[in-house]
Amino acid sequence: MRGAQFVREARHRAGLSQAELAARAGTTQSAIARVESGTEAPTLERVVELVRASGFDLQFRLVPLEEAEWAQVEALLRLTPAERVDRFEKVLELSSAGRRAVKEARRG
Amino acid sequence: MGEFEPEKILEALERNGVRYVVIGGFAGIIHGSPHGTGDVDITPEQSRDNLERLSRVLVELNARIRTAGEPDGLAFDHDAASLSRTRVWNLVTKYGDLDLTFEPSGTRGYKDLAARALRVRLPHVETTVAALEDVIRSKEAAGRLKDQITLATLRRILEEGG
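The listed protein sequences correspond, in order, to chains A and B.
1 is the number of the first residue of the first sequence in the working numbering; add one for each residue after it.
1 is the number of the first residue of the second sequence in the working numbering; add one for each residue after it.
In short, the hints are calculated from the structure, not lab data.
There are no misleading hints in this set.
Simulated DEER-style distance windows between Cβ atoms:
(1) R52/A - G143/B: 27 to 33 angstroms
(2) R100/A - S105/B: 26 to 32 angstroms
(3) D72/B - S30/A: 42 to 48 angstroms
(4) T80/A - E140/B: 32 to 38 angstroms
(5) G161/B - G15/A: 49 to 55 angstroms
(6) E74/A - R108/B: 31 to 37 angstroms
(7) L65/A - G17/B: 31 to 37 angstroms
(8) E133/B - Q29/A: 56 to 62 angstroms
We put the CB at the ideal spot given by N, CA and C, even for glycine.
Let the sequences and hints guide you as you build the complete structure.
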């Protein structure tokens, strides 16, 4: 999620209107609207401030960049839903066949 | 992304005499896991001869580096020496994604895995798959959040007699 999405999601979960969040954060409803719409790119500190004003917190940690994994997601998104289901069905077929093959290998 | 035809990837490896062990999510599928994976993971044996055969297979499969923003992957030159210099290769091939990992997490590589790997006959190809215990061991050591559900399934399969 991007900063604006965190702010909007935290406000929704807290059941606050933009005006109510603005009052808690000491700003205006229009300023909250600009952040949430992406019209204004908030700093990281501002996002944390607004999320905390909604009663939540953000935790950050460094994780390895998974470029290759994201490439797979991009490829899946290029498929139609039917093609994705077809791929999954093939995997399930292989799973059944594999299980039988492993049992045979152990017996042999 | 075209069709995912993992058996065709394995068939090319087998036909060219590459020594390898299937690991990771695809090994889990062979052992009966219903949790999908988008690639075939293998641990190749690291002798020069074997990596030369592997390099030829990669040419045959039109293997390219898999990376975000490049649907067809990035072309790369490879031979036995260059393949051995990088510990993990994430590739896209004409039959789907192929990952080469010389020392999967929690293991000591090919010899370690081959010691109790199984030779299994799938519908269209015979292949060598890591023992379920080793698939679990590697996923546990990797400690990735996405593996947690799969791990619960694999442990259950192991409890049920593998």
